[in-house]
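Asker: Model the full structure from these sequences, guided by the hints.
Protein chains: 2
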Amino acid sequence: MTLMRRARKGITPEIEAVAEVERMPAERLRRLVAAGRVVIPFNQVHSPDLCGIGEGLAVKINANIGTSADHHDMKEELEKATVAVKYGADTIMDLSTGGDIDEMRRRIVKEVRVPIGTVPIYQAALKAAKKGSILDMTEDDMFSGVELHAKDGIDFMTVHCGVTKASVSSVKSSSRITDIVSRGGTFLASWILHRDEENPFYSNYDYLVEMAQEYDFALSLGDGLRPGCISDATDTPQLQELLIIGGLVKRAREKGVQTIVEGPGHVPLNQIEANVRVEKTVCEGAPFYVLGPIVTDIAPGYDHITGAIGGALAAFHGADYLCYVTPAEHLSLPTVEDVKEGVVASKIAAHVADIARGINVEQDDRMARARKALDWEKMLSIAVDPEKAKLYRQRRKPKDDDVCSMCGEVCAIKIASDYVR
Amino acid sequence: MTLMRRARKGITPEIEAVAEVERMPAERLRRLVAAGRVVIPFNQVHSPDLCGIGEGLAVKINANIGTSADHHDMKEELEKATVAVKYGADTIMDLSTGGDIDEMRRRIVKEVRVPIGTVPIYQAALKAAKKGSILDMTEDDMFSGVELHAKDGIDFMTVHCGVTKASVSSVKSSSRITDIVSRGGTFLASWILHRDEENPFYSNYDYLVEMAQEYDFALSLGDGLRPGCISDATDTPQLQELLIIGGLVKRAREKGVQTIVEGPGHVPLNQIEANVRVEKTVCEGAPFYVLGPIVTDIAPGYDHITGAIGGALAAFHGADYLCYVTPAEHLSLPTVEDVKEGVVASKIAAHVADIARGINVEQDDRMARARKALDWEKMLSIAVDPEKAKLYRQRRKPKDDDVCSMCGEVCAIKIASDYVR
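The listed protein sequences correspond, in order, to chains A and B. Under the working numbering, residues 219 to 639 are what the first sequence spells out, in order. Under the working numbering, residues 219 to 639 are what the second sequence spells out, in order.
Calculated directly from the structure, the hints in this document are not laboratory data. Hints should not be assumed to be uniformly reliable.
No copy labels: a pair is met if it fits in one copy or bridges any two.
What the hints assert, rightly or not - Below 30 Å or equal to it, Euclidean Cα-Cα: the simulated DSS-like pairs (lysine-lysine) are: (1) K596 with K390; (2) K293 with K615; (3) K348 with K498; (4) K590 with K390; (5) K383 with K632; (6) K615 with K348; (7) K293 with K606; (8) K632 with K345; (9) K615 with K227; (10) K632 with K349; (11) K293 with K369; (12) K590 with K383; (13) K293 with K617; (14) K304 with K590; (15) K632 with K590; (16) K590 with K617; (17) K632 with K328; (18) K293 with K608; (19) K349 with K615; (20) K348 with K617.
Fair warning: this is a prediction, and the values are worked out from it, not measured in the lab.
Answerer: Written out as structure tokens, the structure is:
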């Protein structure tokens, strides 16, 4: 029986464990899981660390890793996963498209303890491309890809079920600048248009749900038609796909299958709240997993920052799960260092939203007290990245050990302690 | 006659020039300047590049540079100013507290074309400290410091006029964790408490305003009691000081003196909008100059990111002017590289707020079109930091020149161009 079905009968060990971490009454969490408003991705083959994503919980973050055809070093990708988890990634997605993809996935599942996600359509498309063209992908390629990943222990999978004849035709008649920028979305849209056939993940959605039921992985309903620039944001094709996804969430829930809903992408600051509200109404509170969002197009090299701005605001308004963005986004496959920078930025965004909603505020108070006491050891230990903070402090040693080289003897905190209190 | 008084009579050359840059009708801008809702800092001795700050204009950013007792290399500080202006700083503040402060200020005025700000109380306090204690500062030290900076051509000055007996006593009776963290605020609060005298910049505010009138520099009314941590944010002492500042804004306007109002500091995401709204009502639309704000205390080493999150949201809600934060904040005096990172992050925040309010959206559209066309040369040229973007792209060269090493042959944009349109 799936976790969701078990949750409908009573508190499960998974719910008990997550409730403790989140400091939420287990019965309240049970109701949220049973209703599909909180998802705990958990494939028994992998049996990952437990992680709750959704309403009322601390915001979670995901880090993407994975090879490409141009660069496929399995050891480096595993190192990226390790570094990502070290700096706070709650889940890892393996988006490999180069080298030995099966082996990569299996090693990640074996070596990484957090929940692992994948996008099985990549592999199906690449397999077809090798034989000739992605347009030759068969329905069997698609579904057997999903089953293979399920058997390998993948905890959640992105499937672009909302890319349909109707939503793709909406893209064609739109005035979008960037058409489609999701890899999975492009594969499926091209396939649908070229063959004039419906997306099998949509027309045979029940089969997909049965598979998810059997292996008990979570479905992450992918936004294959998410806009690729600020000008295209929150447009008709995006919303058309979301409405379709809303219907699919309900059908999965009826079968006890957990669903997450993926969202944009590129969103200007003034449209972020609307994006969250609409997802929460249309998908009846399903956890919202946003990709960034990045809030301007002009900052390649700094998209970890544009993503942190968008992610913080989205999470503050109710997004539950942030996909990180690295400084390499739009430019190249990230390095290990890029992954670290992306994770830290995303973790900051999640935390910022948490404390604005009254969750996990103790850390900030402890830092404030350490600062007031000029207790540098404690300050460094509380910091999101103690090594970097230490480096910055030591780089320019102040004469007095208790202050820093910014103000030196005219340290406001020191003077205030002497004269104000 | 001051710029503000001239604006009340008709369109001045300064207003004409700023109106053109901002693409705003000159008459509308004239009314805003005359009312004090837009400030154009402009000391004739310096005669800087014209820069409008306030209602309806693109958001502006400031970069702080300056020596400290522990580290005072004049050449390095000048290099910081140059780099800051290169990456988009609209103004520079020289906050030097070490080495030859007078010479530093004069060289900055001479070599930097954007408006220059200072905080004269620093120098007055250091002068007194050298003789014994900052508590020995005389009223004459304070005012003659301001006059010296005015004569040197400083375009705007931070003066902490709202740190008064009443507002400081409000700090003492508060349950703040971090008491006072503003350097100028601490100097004055200590002085007031120790001597049981009123802040001369408050009790003799008319004299300060007359000086500003004579030399026509803008007053930046400093928030000496701004909270120093998330827990203290938007508290009574902060608001008490703001109410005092609101009254002072009106008195300056009556004399034709331009005023900017400084704001926090440390503000959680859920209090940013309130901070902007309150400043705009209490100070009758005076330009709001926020320091960051940073939105969590736990990220030293990454406060350019926490500041960009807070700054973007503050500016979206109406803050007009963002003081950058560098990664070195809370840790050490920044290096040239830190200054660059701080400026870029702050510039991104300002731009993100601009496009969310419909200003300067063309750049993003041009980037989106370049991405759709896979025109890498154009993408790099539009980027906020073309050198960094180029470095990232070249680091991992893709086999095909038109894509990038992230997706390689499975580039969504390339496939969509082939099959979707």
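Asker: Hint by hint, say whether it matches the structure.
Answerer: Structure-based check of each hint:
Taking the shortest alpha-carbon separations for K596 and K390, only the inter-copy value of 26 Å comes in at or below 30 Å, while the best intra-copy value is 57 Å. For the homomeric pair K293 and K615, the shortest alpha-carbon distance between copies (20 Å) is at most 30 Å, but the shortest distance inside one copy (38 Å) is not. Proximity of K348 and K498 under a CA criterion of 30 Å is satisfied in neither setting, with 40 Å inside one chain copy and 62 Å between copies. In the homo-oligomer, the alpha carbons of K590 and K390 lie at most 30 Å apart only across protomers (15 Å), although the nearest pairing inside one protomer, at 59 Å, exceeds that limit.
In the homo-oligomer, the alpha carbons of K383 and K632 lie at most 30 Å apart only across protomers (20 Å), although the nearest pairing inside one protomer, at 67 Å, exceeds that limit. In this assembly of identical chains, K615 and K348 lie within 30 Å of each other by CA distance solely across copies; the values are 22 Å between and 58 Å within a copy. In this assembly of identical chains, K293 and K606 lie within 30 Å of each other by CA distance both inside one copy and across copies; the values are 25 Å within and 26 Å between. Within a single copy, K632 and K345 get their C-alpha atoms only as close as 65 Å, which misses the 30 Å cut-off; across copies the closest is 18 Å, which meets it.
In this assembly of identical chains, the alpha carbons of K615 and K227 never lie at most 30 Å apart, being 60 Å within a copy and 54 Å across copies at closest. Proximity of K632 and K349 under a CA criterion of 30 Å is satisfied inter-copy only: 19 Å between copies versus 70 Å inside one chain copy. In this homomeric assembly, K293 and K369 come within 30 Å of each other (Cα to Cα) only inside a single copy, at 23 Å, whereas the closest approach across copies is 63 Å. Taking identical chains as interchangeable, the C-alpha atoms of K590 and K383 lie at most 30 Å apart only when they sit on different chains, with a minimum of 23 Å there against 61 Å within one chain.
Taking identical chains as interchangeable, the C-alpha atoms of K293 and K617 lie at most 30 Å apart only when they sit on different chains, with a minimum of 21 Å there against 44 Å within one chain. Within a single copy, K304 and K590 get their C-alpha atoms as close as 28 Å, which meets the 30 Å cut-off; across copies the closest is 36 Å, which misses it. Taking the closest pair of Cα atoms, K632 and K590 come within 30 Å of each other only inside a single copy of the chain (8 Å); across copies the shortest separation is 55 Å, beyond that limit. Proximity of K590 and K617 under a CA criterion of 30 Å is satisfied intra-copy only: 19 Å inside one chain copy versus 54 Å between copies.
In this homomeric assembly, K632 and K328 never come within 30 Å of each other (Cα to Cα): the closest approach is 51 Å inside a single copy and 34 Å across copies. Proximity of K293 to K608 under the C-alpha cut-off of 30 Å is found in both arrangements, the shortest distances being 29 Å within a copy and 26 Å between copies. Taking CA atoms no more than 30 Å apart as the test, K349 paired with K615 passes between copies only; the shortest distance there is 26 Å, against 62 Å inside one copy. In this assembly of identical chains, K348 and K617 lie within 30 Å of each other by CA distance solely across copies; the values are 17 Å between and 64 Å within a copy.
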